[in-house]
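> Sequence:
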Amino acid sequence: MRILREGMGEAPPLPGQSIEAVRIGWDRHIVRPSVRTFKRKLRERTIADVRRRGKFVVLPLDRGTLLIHLMMSGDLRMAESSEPPDPYAHTVFRLRSGWELRFSDSRKFGRVFLLDDPEEVLAGIGPEPLEADFTTEFLADLLKRRRRAIKPLLLDQRVIAGIGNIYADEALHRAKVHPRMRSDQLNPEQVEALWGAIRFSLSEGIKHNGASIDWVYRGGDFQNHFRVHRRAGEPCPICGTAIERTVVAQRGTYYCPICQLEDGE
DNA sequence: AGCGTCACCCGGACGC
DNA sequence: TGCGTCCGGGTGACGC
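Going by the working numbering, the first residue of the first sequence is number 1, and it counts up by one from there.
Among these hints, one or two may not hold up.
Calculated cross-link-like contacts (lysine to aspartate or glutamate; reagent style EDC-like; alpha-carbon spacing at most 20 Å) [to be verified]:
hint	residue 1	residue 2
1	LYS55	GLU204
2	LYS176	GLU244
3	LYS108	ASP27
Restraint ranges, calculated between C-beta atoms of paired labels, are given here [as the list claims (entries may be wrong)]:
hint	residue 1	residue 2	range
4	ASP184	ALA21	46 to 54 Å
5	THR246	GLU131	30 to 38 Å
6	VAL31	THR241	41 to 49 Å
7	THR241	THR37	49 to 57 Å
8	ARG107	ALA132	31 to 39 Å
What the hints contain is simulated information worked out from the structure, not anything from laboratory work.
Everything numeric in this text was worked out from a predicted model, so none of it was measured.
The beta-carbon is built from N, C-alpha and C at its ideal position, and this holds for glycine as well.
Model the full assembly from the supplied sequences, consistent with the hints where possible.
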């Protein structure tokens with residue numbers, strides 16, 4: 001996990017930083033415990049590590065664990081206390097070092113948990129698709145045991161961790177699988193292709209520091225590498241056909257009507 | 001089990 | 001120019 005630094009110079013590593021105080025500008029950022037307890041408990045705790053599990057940023061402390069879900073407009077960055085305030089930094093961890101960890105979130109959808117045991121929240125999340133144990137056989141078995149449209153399945157965090165709308169669209173296009181195709185209908189070649197496509201798309205996103213869509217700049221530029229997502233009307237990079245937009249499970253869905261045939265074998 | 005719908009939030013795009 | 005309205009992103013609650 002990399003925490004971007006705003007402005008010039010290098011931010012100190014987060015592990016080892018101790019929290020002096022927390023400022024909360026939007027109470028509903030804090031899911032639990034209550035804002036009051038959250039602030040009190042965090043004072044003088046030390047951040048021990050920076051990890052990721054699914055879409056959560058995981059900050060193990062000397063006692064307890066912070067979980068932060070950025071949703072789509074959230075952003076974590078380090079800034080010195082003297083730097084101009086960020087009007088969207090609704091939750092700010094002031095550190096003893098004079099630095100701040102700012103959770104900026106213009107649309108206020110993000111959420112923060114302080115838990116004694118992070119498994120209270122993380123236990124329900126599916127396997128990590130970039131881990132070695134996420135094999136094609138594992139994916140094949142998982143898809144075979146369910147009968148639902150492949151795209152909502154990929155988005156279901158209980159099934160596989162960390163795939164969002166962008167990555168589902170990109171992976172399905174790369175694997176040439178129609179977003180509405182039933183998961184148990186994919187043939188072995190399609191499963192193999194999807195396995196690679198999921199891992200490739202997520203790795204690309206990480207390599208590019210994620211995507212910045214709309215006006216919400218989050219440091220990354222993966223949006224410049226989308227093949228289909230948000231590209232309705234533009235040519236498919238494989239066959240040149242115009243990319244189409246449809247809605248699958250209430251989510252905007254972009255696909256190539258030629259490469260990703262609904263009943264295509 | 002899995003689908004549809006709604007709520008949450010707000011900047012930008014669009015229409016008048 | 002200044003309004004009003006709609007959209008979308010991830011998730012959870014709720015009803016079927």
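> Does each hint fit the structure? Answer for all of them.
The hints, checked one at a time:
1. LYS55 <-> GLU204: 16 Å, holds
2. LYS176 <-> GLU244: 14 Å, holds
3. LYS108 <-> ASP27: 10 Å, holds
4. ASP184 <-> ALA21: 46 to 54 Å: Hint holds: Cβ distance 52 Å, inside 46 to 54 Å.
5. THR246 <-> GLU131: 30 to 38 Å: 32 Å, holds
6. VAL31 <-> THR241: 41 to 49 Å: 44 Å, holds
7. THR241 <-> THR37: 49 to 57 Å: 55 Å, holds
8. ARG107 <-> ALA132: 31 to 39 Å: Holds, at about 35 Å.
The structure is consistent with each of the numbered hints, conforming to all of them.
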